[in-house]
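Let's have the full structure, built from the sequences with the hints guiding it.
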Amino acid sequence: MTTSVIGTAPAIEAIGLGKTFGGRGRVKREALAEITFSVERGRTLAIVGESGAGKTTLVRCIAGLETPTSGETLIHGAPHACRAGRVSPVQMVFQNPSDALDSMRSVGSSIAEPLRGRSRAARRARVTELLSLVGINPARAKDRPRSFSGGQLQRIVIARALAPEPSVLLCDEPTSALDVSVQAQIINLLLKLQKEHGFAAVVVTHDLAVAKVLADDVLVLRHGKSLFYGPVDDLLDVNLTHDPYVTGLVSASRDAELGLGTDEEELALG
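When you line the sequence shown up against the UniProt record's numbering, it's residues 1 to 270, in that order.
It is worth saying that the hints were derived from the structure and are not from the lab.
Treat the hints with care, since some could be wrong.
[Unchecked claim] Pairs of lysine-lysine residues, derived as DSSO-like cross-links and limited to a Cα-Cα distance of at most 27 Å, are as follows:
| hint | residue 1 | residue 2 |
| --- | --- | --- |
| 1 | Lys-195 | Lys-212 |
| 2 | Lys-192 | Lys-142 |
| 3 | Lys-28 | Lys-225 |
| 4 | Lys-212 | Lys-192 |
| 5 | Lys-225 | Lys-212 |
All of these numbers come straight from a predicted model, not from anything done at the bench.
Pasting the structure below:
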């Protein structure tokens, strides 16, 4: 393959992203202030912060669901814009899998939704492949969401996100709605899939223990501002000086370890 921008630029790059709400007679509120980061293929950035830190606004901006007031998002070096009728190279895994799936449609139909334009046989084959990939029995493709557990539904949401083979996966609190034991399974699944498929990932979480396991780099937000951006190891290094809020976040996380391993687990078909 010839050398191109896709081969040299980060999978995703945010440059000076800012977002202000209000104006025109309403009080202005700065939700994001000059946020910059980049993520290479095969690597994960965790965006960490308390409620109201600006995490969701940032994800919506980089997903193209929200227009930033300033700055831009690049995908493989090119400006990212959602275009009607085109499948985005950036796909999302949402916090609550029950809300992310249409309760009136089969899960197979939901997974196939990003595959419009392919033949029926090709869509069916891809759905079978994806369900197997995330540890769900393909024979259940015709079942509706209500017949699955929360953990199984999140696997299905991940399968749908991977259907168009995205280069970037955005995960907005992908485990917070799940039991702790199921959280471990989903985290290990994401690690396994990234290793196999090489996508870049941006994971939003309020839990630094999750970030420690999933991420290579961390962006800590508070009140829309970046307090730390760098490797996870630097964040956890007691010999490095951080903002007091960041130091407190790290200290608190030591008392809330998930005990999650990074080894690939065997995924039993559900």
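Self-check item: Unmet hints by their number, sorted upward, for this structure
Solution: none
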